[in-house]
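Protein chains in written order, with full-length UniProt numbering: chain U, 1 to 351; chain F, 1 to 351.
Mixed in with the good hints there might be a few duds.
Identical copies carry no separate label here, and so any pair may be met within one copy or between two of them.
Said to hold, decoys possible - Straight-line C-alpha distance at most 16 Å; calculated EDC-like pairs for lysine to aspartate or glutamate:
#1 Lys316 x Asp280
#2 Lys316 x Glu171
#3 Lys316 x Glu172
#4 Lys316 x Asp276
Just so you know, these hints were derived from the structure itself, not from any lab.
Residues per chain are reported as follows:
Number of protein chains: 2
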Amino acid sequence: MRSTPIQLADGRELIYFDLPGDPPRQGEDTRELPPPPPASELRFDPMRGDWVAVAAHRQERTFQPPSTHCPLCPSTPEFRSEVPGPYRVVTFENRFPSFSDRTSENRIMPGIRPGEGRAEVMCFTPDHEGSFAELDARDVRLVLDVWAARTEAMSALPGVEQVFPFENRGEEIGVTLSHPHGQIYGYPFIPPNVRQILLYLESDPGAFGYRLSREQSDERVVAANEHWTAFVPRAARWPFEVHFYPHRQLPDIPALTEEERDAFAPLYLDVLRRFDALFDLPLPYIAAWFQAPVNQARETFRLHLQLFSIRRAPGKLKYLAASESAMGTFINDVSPEQAARMLRDALPPFT
Amino acid sequence: MRSTPIQLADGRELIYFDLPGDPPRQGEDTRELPPPPPASELRFDPMRGDWVAVAAHRQERTFQPPSTHCPLCPSTPEFRSEVPGPYRVVTFENRFPSFSDRTSENRIMPGIRPGEGRAEVMCFTPDHEGSFAELDARDVRLVLDVWAARTEAMSALPGVEQVFPFENRGEEIGVTLSHPHGQIYGYPFIPPNVRQILLYLESDPGAFGYRLSREQSDERVVAANEHWTAFVPRAARWPFEVHFYPHRQLPDIPALTEEERDAFAPLYLDVLRRFDALFDLPLPYIAAWFQAPVNQARETFRLHLQLFSIRRAPGKLKYLAASESAMGTFINDVSPEQAARMLRDALPPFT
Chain U
1 MRSTPIQLAD GRELIYFDLP GDPPRQGEDT RELPPPPPAS ELRFDPMRGD WVAVAAHRQE
61 RTFQPPSTHC PLCPSTPEFR SEVPGPYRVV TFENRFPSFS DRTSENRIMP GIRPGEGRAE
121 VMCFTPDHEG SFAELDARDV RLVLDVWAAR TEAMSALPGV EQVFPFENRG EEIGVTLSHP
181 HGQIYGYPFI PPNVRQILLY LESDPGAFGY RLSREQSDER VVAANEHWTA FVPRAARWPF
241 EVHFYPHRQL PDIPALTEEE RDAFAPLYLD VLRRFDALFD LPLPYIAAWF QAPVNQARET
301 FRLHLQLFSI RRAPGKLKYL AASESAMGTF INDVSPEQAA RMLRDALPPF T
Chain F
1 MRSTPIQLAD GRELIYFDLP GDPPRQGEDT RELPPPPPAS ELRFDPMRGD WVAVAAHRQE
61 RTFQPPSTHC PLCPSTPEFR SEVPGPYRVV TFENRFPSFS DRTSENRIMP GIRPGEGRAE
121 VMCFTPDHEG SFAELDARDV RLVLDVWAAR TEAMSALPGV EQVFPFENRG EEIGVTLSHP
181 HGQIYGYPFI PPNVRQILLY LESDPGAFGY RLSREQSDER VVAANEHWTA FVPRAARWPF
241 EVHFYPHRQL PDIPALTEEE RDAFAPLYLD VLRRFDALFD LPLPYIAAWF QAPVNQARET
301 FRLHLQLFSI RRAPGKLKYL AASESAMGTF INDVSPEQAA RMLRDALPPF T
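Whenever a hint applies, use it, and build me the whole structure from the sequences.
Printed below as a string of structure tokens:
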């Protein structure tokens, strides 16, 4: 993997990631851009025990632009996008970031602090009409290497406690740009859902291994190979939810071996294609990497990927209404065993 | 308030609630209905620490029927709905319940138990085209009395640990029936978001009172009267979020005095109308009553209502994407102070 960092017109960093043999990356960002906005503000709710990022500047972010004005396509003579030239995979700091290093000390008071951290956009492919599921395994492997490199780099940034690579896919899930892309957040705290797992691991440090061995012998496995098992968890919250567990304890993406990285790509592609085959429709989904926090539980937390869809049937979505959004209790209308069966039956078995 | 309980054709209970002077409620449910489905199954995720209700029968529930076939309108000679005759306010057991008493003992094993409890539908008005905001104060007062009566009744049911009256409003939030209605859940456990508050109250039993007194002197108050204050919380997670606090500690709706009930109706109507006036559009919202659990924290938990919208601007919704859904961390694109100002400015001041 070759990386080529450049600076965008407003000072933000952009990095091209390439395979051996790819052409050198050149070109300058010639746009006139205003300076990036200041960091968001974090506010703590002691009763809920969570931080909220108030990022009012994000109201102005680019919203479903026409494909001729896609900010994630390579720039053309007609339209100068966020990426000055051709690319294979590229990451850059979000122009409307939820977290950044442009903090000011003005508003430090109890329960309020600046949204220090990092928010990056990652384009998986220059093909505007493509999708992650249509990448070839070699490009998925490159994407995984980029996640590893950015996890390492962001873990070293001041204040970052959790690095979170993710993809939101589909307008139904609120994606404002249709070009295939993901994001990477560097949170300046451990998010509640990870903290909850850490708490549990304190009393049961081997929980991930135990869960994997139980699931491997279960009817909810969707696909597996030597290094990974993809299964629908027994208490799935979403109609279609698949967790990808590596077969050994390791804290984060950088810790994956060459073999584990090679093995991930085809398995993930297989399950993504099952998602789209399910209803013969591009399935809206969230793909979320759960990594160990930068400074905690490195020996007990196990890296894994959670992939879930909000579609429960053609024309029907799972919404987070009062029970989920206010009480935190999920009602799942599809049984996990049925979801696993439907995903297994959607395509020929993975080999 | 007068209540008239009857049985529906499949044995479910329906209760008419009326004001003095309303006609007697009669009429029989003459439909042929299959027996109601068995209870859902609860599954526990030890790492997340939450129960999920797997309710596969709900996939078949009525989905956006034409208004001539609304199951919540009073029955007519042409269409027999869930409600046999005319009504003012009515509650009945959900035909596709997330929780019920139709449990079987088949599947009891570690981390799995039957979805014992209760799920009721509540029609606020027979007017199919109406909305809660268009009720008059007298009918809101009746609705509040019904919430109180059902909270008392459901609190006494075996296994129910938390009674949760709520309204989901708007297709954007997943409402499958447009007739103005809410629901009441009787959960057989304390939901995670309430449990989190209980945990905090252990170390700070006066937290609710402290928060109220701080918010009362703050720029985030939207409307208030002698018994209630409606404010946008400092760490709001949603673009437009208003909490309604009573001015004294009390555990649940039944504990409200006559005066507090009378005072709630106009205040709540005022804020609901501000919601709709904000963008001159019916705002999709969730209204969620946080009550003390049936058997815990009755002296420290304070009843309150949380009202929040997923609309952040005309044509733009707040989606729960990866940060919210996977990590539990909210990014709010509207500052709480700005939201309060917008709501105050949407209509003349509340008096």
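Hint-by-hint comparison with the structure:
no.: 1; hint: Lys316 x Asp280; result: within (14 Å within a copy, 27 Å between copies)
no.: 2; hint: Lys316 x Glu171; result: both (14 Å within a copy, 11 Å between copies)
no.: 3; hint: Lys316 x Glu172; result: both (11 Å within a copy, 12 Å between copies)
no.: 4; hint: Lys316 x Asp276; result: within (15 Å within a copy, 26 Å between copies)
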